[in-house]
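**Student:** For the record, in the sequence shown the residue sitting at position 298 is 298 according to UniProt numbering, with numbers rising by one throughout.
Any given hint could turn out to be false.
FRET-style restraints, in silico, Cβ to Cβ [claimed, not checked]:
no. : residue 1 : residue 2 : range
1   : Ser470    : Glu342    : 28 to 34 Å
2   : Ile277    : Ser32     : 36 to 42 Å
3   : Asp76     : Lys918    : 36 to 42 Å
4   : Lys178    : Leu298    : 34 to 40 Å
5   : Glu251    : Gln167    : 38 to 44 Å
6   : Glu646    : Gly727    : 53 to 59 Å
7   : Ala958    : Gln368    : 58 to 64 Å
8   : Gly727    : Val546    : 30 to 36 Å
9   : Pro545    : Ile277    : 35 to 41 Å
10  : Asp76     : Val546    : 51 to 57 Å
11  : Pro100    : Glu342    : 42 to 48 Å
12  : Met361    : Ala333    : 40 to 46 Å
13  : Ala901    : Met826    : 26 to 32 Å
Straight-line alpha carbon distances no greater than 27 Å define the calculated DSS-like cross-link-like pairs of lysine-lysine that follow [claimed, not checked]:
no. : residue 1 : residue 2
14  : Lys711    : Lys731
15  : Lys731    : Lys33
16  : Lys777    : Lys795
17  : Lys192    : Lys256
18  : Lys23     : Lys736
19  : Lys256    : Lys422
20  : Lys192    : Lys133
21  : Lys154    : Lys67
22  : Lys918    : Lys814
23  : Lys945    : Lys918
24  : Lys43     : Lys178
25  : Lys418    : Lys439
26  : Lys531    : Lys495
Because the hints were derived from the structure by calculation, they are not lab data.
Being a predicted model, the structure only gives us computed values, none of them experimental.
The beta carbon of each residue, even a glycine, is placed where N, CA and C say it ideally should be.
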Amino acid sequence: MDVQALAVVFQETLHHQKEIRRKAEAQLEIGSKQQGFGVAVLKVVLAEQVSLEVRVAAAVCFKNHVKYHWEQKETDDCPMQEPEKAECRSHIVNLMLSAPPLVRSQLSEALSIISGVDFPNRWPTLLPELTQKLQTRDVNTWHGVLATANSVFKRFRGVYMTDAVSQDLELSQKFFLKPLLAIMKDLAPQAKLYQQTPDALKVVMSCIRLCCRIFYSLNTLGLTEAMDQDLGLWMAEFLQYLDYDNPVLIERDDEKESAQDGVKSAICQNINLLTEICEDDFDPYLIQFGTAVWNLLLKVTPKQGQDNLAMHAIEFLTTVAKSEQSAAKLFQAENVISQICEHVIMPNLRLRDSDEELFDMNPVDYIQRDTEGSDSGTRRRAASDLVRALTDRFPKVVTQLFSSYVNGLLQEHAANPKANWKAKDCAIYLVVALTVKGKTEAQGATSTNELVPLLAFFQEQIVPELEAASGIDEQPILKSDALKFVTTFRSQIPKDALLKMLPSLINLLGASAFVVHSYAATAIERLLAQKEAGRTRFTPEELDPVLQNLLERLFAAFELPESSENQYVMRCIMRVIVFEGPKISPAALVCLNLMSKKLVAVCRNPRVPGFNHYLFESIAALIRHSSAADINILDKVQETLFPPFEFVLQQDVQELHPYIFQIFAQIIGLRNPPLPPVFMTIFPPLLDHTFWEQNGNVPALVRLLQAYFTKAAAQVIDGGRLESILGVFQKLLSSKQLDHHGFYILNAIFEHLPISPLEKYIHTIWTMLFSRLMKSKTTKYVKSFLVFMALFICKHGPVKVMETIENVQQGLYKMILEQVWLPSLMWIRGDQEEKLCAVALIRSMCEVPLLMEAEYDGLWGRLLEVLAAFLEGKGTNGHTEVADPLEEEPQGYSAAFSQLANVTLPDTDPCAEVKDAKQFLAQSLSQLNRTAPGRISRAMQASMKPEVQERLKAYFGAMGVAIS
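Sequences and hints are given; from them, build the entire structure.
**Tutor:** Dropping the structure here:
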């Protein structure tokens, strides 16, 4: 592939016009299926004459291509081959040494993936090459090598120690530990040499940080003997940099981390790791580092650029506090805990100006940091974790100490509530940190510190904030704190108190601050989702008095600033509908009209995946529950939804297509045959290849086809459309990633159509299935094949199946039983699938004349043995709690399929006449005993050892079947 032409395509992926972007993206998608694509993309990254933005785009593409195609997977239709991989490996190390930082960051991720698969077995030259390059005295070369090694060794983080991992780690340490320590020592004089040259010094400090991160990676699984020998040398290096301060490295931008703070942060992560994994080995250094971290925290400023440093330093103290041995040593001195509270915890719990600014200017980020967590974390969370660790270790002392701080903060607030509101904000955070000992997403706090008077604090400090007469827009951060408090402690607050507060929560849905009305929506949603003893804590009857006001306020919230696509509000709407169930039907059409207008507005530029997901979940829930109350409402649903759906499809808003197809499937599934003509009008375009080329559409389209076959099979194939549908099946069958969806279509066809229209296609279908089975079968494919064949047997008879297979090739039927059914039956999982396969095999063994012949005795006996084991082994023991599908957070669009939890297609049982497979086996064997006496015992003798025969005879005897 021509580098210049490919560079032009990457340039077009950045174009402002959607049509040009999509065309370029489609070209890359096609190219990615060709061998050599990865190398071609890497050459664009290498091309210095190409613009930086194009090189970055190519690097991102290369990273993603490597992510999906480097490692051989069953579902990958176009994995990268070894010659191409070898060429990529030959380029990437040198690229890491020379590429601009933006490009290097993407290549670093790609290198991590590649080395995670290939190193060391397929890439034995990697470490020798890197250590050789470290022999130079050039700091910039060191930096490139260390960045590369850091990417390689990240593989050891977050994995379990196995023999293979242990061998790889030993090899890595053998090659790299000594050179790494030598470089770490050599960097100190370099730092001194360039102490007045900021740019050069930053490179040196970045090298030191990389050394620290590599140290972390190589020790994350435990301290090896090789590392233990040099631990003292490493500690000396770490200690000197914790106290290193050079004014030339101070960042002018308060939000940017300085190079020296990056080093200190990495060192704090290392000593935290050592405290966790080898407490005894680190014990001689604990006091030194504890003092150094303490002094460091005293100097940390509130600047955002020092957030990482503050968090990792506090995290070290938290880890120490969790250890009985280390805590006793570091915190035993008088007043240490009170000093930590005063100088570490309180300053980092207090709200900063930057937090206020985030609350006002970027409220979505504020919420994500405040409630949902993030990779970066926050100082407040780190300080709260330290409070919890100290409370667990010294409960009485710490609770009394922090309670005095809480009282002081509340007194400060009471003296001037308007000016000192931040004091109460800090008090609320401190109480939450002191009180919560365990929590879950579903229940909030599940265990609490009994020494904290939680309910008294709730009544005296939280309720007044929520019911404040001063107005819903006064002191919004305190209101958001109070709302989060209710959400966190909803399991501890009495139900009556929560019901009494519900009107106040609804009132706060009208607050102008995004965070406040979002937290109000979240609080209501979590209360309605809460369960006790397997049922919701609250009942629809308890919500009825405020339901109309609640719905009006929720929909009105979309008119508030920045909230036109508020996912928290939409999730609450969804929860209200699900909570009310069929009782929502009087309000259904009004809600549906409002949501269809939101849909039209959103589809012009769908920006918030979560909002759109909950919008469609709400629509699906309305349809589901309102139709349960009155099936005739579906006409109004169609009238309301079809125009905006048509608009979305016409505008080609691809992100929303899977949702619309699911809603179509839901409506069809709920309707009684025959379907209205409009559904047959929209059917032909669904077979358009452009829809099926988007992988994210496939599961939804397949569900839609299943719904059509369930309710209108004859109409669907009218006009010769069956051939087009089978063409879709053939396309899906050729993909390892999507072949199971092809089987879903095939299953629907054979389940709902009579055999006559299928006759002329069966030979071709079997040929395609057997060809794929022989050439590139996967476990998934074999299971799908078995289920289809079982369905065919149960719907159209085992003799028909045998005859059509034998028509493809004589003797093939026996081969399929021997080579597919016998070894693979035990793979089948799922109650309906297990029953289907069992019934199909029983019918085949007892109804197919071919299997009654003597030459099949051995096979028949083996099938019987496997069948008995299958019927006894299916299912799982014990109780597994089923997760609420509505609790799943949508992860964005990409090409992924986001299943709507409220769209459930009714399951059909192809062998509903059989209630119990074991009983059916007993009846079938009894019948066979009568019609073919001696058949069963003859087959058992031909294939089983005597002890197995006796065991099976006893097994069947317990069923009431006497084998003779």
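**Student:** For each hint, tell me whether it holds in the structure or not.
**Tutor:** Hints, verified against the model:
1. Ser470 to Glu342: 28 to 34 Å: holds (32 Å)
2. Ile277 to Ser32: 36 to 42 Å: Holds - the Cβ-Cβ distance for Ile277 and Ser32, about 41 Å, lies within 36 to 42 Å.
3. Asp76 to Lys918: 36 to 42 Å: holds (40 Å)
4. Lys178 to Leu298: 34 to 40 Å: holds (36 Å)
5. Glu251 to Gln167: 38 to 44 Å: Once the Cβ atoms are compared, 42 Å apart, the range 38 to 44 Å for Gln167 and Glu251 holds.
6. Glu646 to Gly727: 53 to 59 Å: violated (25 Å)
7. Ala958 to Gln368: 58 to 64 Å: holds (59 Å)
8. Gly727 to Val546: 30 to 36 Å: violated (54 Å)
9. Pro545 to Ile277: 35 to 41 Å: Check failed, 57 Å falls outside 35 to 41 Å.
10. Asp76 to Val546: 51 to 57 Å: Check passed, 53 Å falls within 51 to 57 Å.
11. Pro100 to Glu342: 42 to 48 Å: Holds: the Cβ-Cβ distance is about 46 Å, inside 42 to 48 Å.
12. Met361 to Ala333: 40 to 46 Å: Between Met361 and Ala333, where Cβ atoms are some 43 Å apart, the hint holds.
13. Ala901 to Met826: 26 to 32 Å: holds (31 Å)
14. Lys711 to Lys731: Roughly 24 Å between the alpha carbons, so the hint for Lys711 and Lys731 holds.
15. Lys731 to Lys33: holds (15 Å)
16. Lys777 to Lys795: holds (25 Å)
17. Lys192 to Lys256: holds (23 Å)
18. Lys23 to Lys736: Given that 27 Å is the threshold and the Cα spacing comes to 25 Å, the pair holds.
19. Lys256 to Lys422: Answer holds: Lys256 to Lys422 is near 26 Å, not above 27 Å.
20. Lys192 to Lys133: holds (23 Å)
21. Lys154 to Lys67: Judged against 27 Å, a Cα distance of about 15 Å means the pair holds.
22. Lys918 to Lys814: At roughly 24 Å apart (the allowed maximum being 27 Å), Lys814 and Lys918 satisfy the hint.
23. Lys945 to Lys918: holds (23 Å)
24. Lys43 to Lys178: violated (34 Å)
25. Lys418 to Lys439: violated (33 Å)
26. Lys531 to Lys495: holds (12 Å)
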